[in-house]
Amino acid sequence: MRRLLIFPVVFAVLLVPVAVLATGDGSFDGVVRSIESRYHVRATRIPFMGLISLVAGKSMQAGVSNMHVAEFENFAWPVDGDELNRMVEEKLGADWKRMIRETSRRGEEQTLIFVHPEGERMGLFVVDLDGHELDMVQVSVNADQLNKQLGQYEHHQNAHRLPDRD
Amino acid sequence: MKNRIIAFIFAATALALPTLAQTVQLPAPSPIEKELAARASHVTEVTLDKNTLAFASKVMNGNDKDAVATRKLIDGLDGIYVREYEFDKEDQFSMEQIEQLRKYFETSEWSTLVRERDLKSHESTDVMVKLEKGETRGFFILEVEPKELTIVLILGPIRMEDLGKLKGISGLDALGGVEFKTKDKDKKGGDQ
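Note that the protein sequences, when read in sequence, are chains A and B.
Residues in the first sequence are numbered consecutively from 2, following this note's numbering.
Residues in the second sequence are numbered consecutively from -11, following this note's numbering.
A portion of the hints provided could be inaccurate.
Keeping only pairs whose Cα atoms sit at most 27 Å apart, straight-line, the calculated DSS-like set for lysine-lysine is [claimed, not checked]:
1) Lys38(B) x Lys22(B)
2) Lys155(B) x Lys22(B)
3) Lys108(B) x Lys135(B)
4) Lys98(A) x Lys60(B)
5) Lys149(A) x Lys60(B)
6) Lys22(B) x Lys135(B)
7) Lys118(B) x Lys22(B)
8) Lys155(B) x Lys98(A)
9) Lys108(B) x Lys91(B)
10) Lys46(B) x Lys149(A)
11) Lys155(B) x Lys91(B)
12) Lys155(B) x Lys38(B)
13) Lys98(A) x Lys22(B)
14) Lys121(B) x Lys38(B)
15) Lys60(B) x Lys38(B)
16) Lys155(B) x Lys149(A)
17) Lys98(A) x Lys38(B)
18) Lys135(B) x Lys155(B)
19) Lys118(B) x Lys60(B)
20) Lys77(B) x Lys22(B)
21) Lys149(A) x Lys38(B)
22) Lys53(B) x Lys149(A)
23) Lys98(A) x Lys46(B)
24) Lys91(B) x Lys77(B)
25) Lys98(A) x Lys118(B)
26) Lys155(B) x Lys46(B)
27) Lys38(B) x Lys53(B)
28) Lys91(B) x Lys121(B)
29) Lys22(B) x Lys91(B)
30) Lys91(B) x Lys135(B)
31) Lys118(B) x Lys91(B)
These are computed hints drawn from the structure, not numbers from a lab.
Using the sequences and the hints given, assemble the complete structure.
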């Protein structure tokens, strides 16, 4: 009986490093730390972000959840787009796929959008550098819930719209 | 025990095969693209795989006939690949590079639909269509201007008249012009 137990245990032990490699080191915080260390900047942490995320999740009926936001100011020099992209890709891990990349050679504008399918939900990770400011957002979106919410909003908007006076 | 492990590996492979067969892989960037990116002042890359397109179709608003048709179209696609290179000045790429780029994407499955060359303005448009059993399974568009180059690759079931519906997707603004050019070609009844 004990011999049979060895197989799942060995399998799990072998699987752990693979899982760690595949997911990077904690996505959002990992990317924040890398940017801070590489560009010698400090992220402005938004206070009560966990609470804001929870409230947003409840108000949108979980259409949007797991929100993380960081803002970096005072980027003193141009950013190498390839380097920034590599850094984010490494930290996010292979599960995140890059959907959009916009980069300018002079380095003053960089946009990266990564996606990560999470069952019914989709994880979105956005890095946007504009001049001396870099914003980073991670969010998990439930498309069906979000669409329902937007639909309701449109319905209310249409209901309160005054008829045209022609 | 050994037999059980072998059986397990075979079963896992058999289960994985249909999934692999259904997956249409978007191409890796050609070496020319890397050269272009190094010279461009502004680069836009959009890569949407099947999962992302399915998600995008769910988020799309509107319940009218057109919106529903567009959602259905996007949901059925296998992938969209867009590369846009903008240059500060002219002569940052050669016609040889453009030809290599076209050949990289062109395989026996692809047929030329539009091939337009303007020697005076140094502008060109190539539209190729991928046909499988008489059905359109993809479009490849290469638009070249003196200071701008756009590559669009759309994989999956799509008709020419549906191209315009994708214009709203980031990086696909060029599709409106392509739709116009192909319609124009149809009217004239041949390649330009």
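Each hint, compared with the structure:
1. Lys38(B) x Lys22(B): Cα-Cα ~25 Å, so holds.
2. Lys155(B) x Lys22(B): Holds, at roughly 26 Å.
3. Lys108(B) x Lys135(B): Holds: Lys108(B) and Lys135(B) sit about 14 Å apart, inside 27 Å.
4. Lys98(A) x Lys60(B): holds, 23 Å
5. Lys149(A) x Lys60(B): holds, 18 Å
6. Lys22(B) x Lys135(B): Cα-Cα ~17 Å, so holds.
7. Lys118(B) x Lys22(B): This hinted pair holds, its Cα atoms lying about 25 Å apart.
8. Lys155(B) x Lys98(A): This hinted pair holds, its Cα atoms lying about 23 Å apart.
9. Lys108(B) x Lys91(B): holds, 24 Å
10. Lys46(B) x Lys149(A): Holds, at roughly 10 Å.
11. Lys155(B) x Lys91(B): holds, 26 Å
12. Lys155(B) x Lys38(B): Distance ~18 Å between Lys155(B) and Lys38(B) Cα, so the pair holds.
13. Lys98(A) x Lys22(B): holds, 19 Å
14. Lys121(B) x Lys38(B): The hint holds at about 22 Å.
15. Lys60(B) x Lys38(B): With Cα atoms ~13 Å apart, Lys60(B) and Lys38(B) stay inside 27 Å; holds.
16. Lys155(B) x Lys149(A): Within the cut-off at roughly 24 Å; holds.
17. Lys98(A) x Lys38(B): holds, 12 Å
18. Lys135(B) x Lys155(B): holds, 22 Å
19. Lys118(B) x Lys60(B): holds, 20 Å
20. Lys77(B) x Lys22(B): Cα-Cα ~18 Å, so holds.
21. Lys149(A) x Lys38(B): Satisfied, since the Cα-Cα distance of roughly 22 Å is no more than 27 Å.
22. Lys53(B) x Lys149(A): Between Lys53(B) and Lys149(A) the Cα gap is close to 18 Å, so the pair holds against 27 Å.
23. Lys98(A) x Lys46(B): Between Lys98(A) and Lys46(B) the Cα gap is close to 19 Å, so the pair holds against 27 Å.
24. Lys91(B) x Lys77(B): The given pair, whose Cα atoms are some 25 Å apart, holds under the 27 Å limit.
25. Lys98(A) x Lys118(B): holds, 26 Å
26. Lys155(B) x Lys46(B): holds, 17 Å
27. Lys38(B) x Lys53(B): holds, 23 Å
28. Lys91(B) x Lys121(B): holds, 23 Å
29. Lys22(B) x Lys91(B): It holds: about 16 Å lies between the C-alpha atoms, which stays within 27 Å.
30. Lys91(B) x Lys135(B): holds, 21 Å
31. Lys118(B) x Lys91(B): holds, 14 Å
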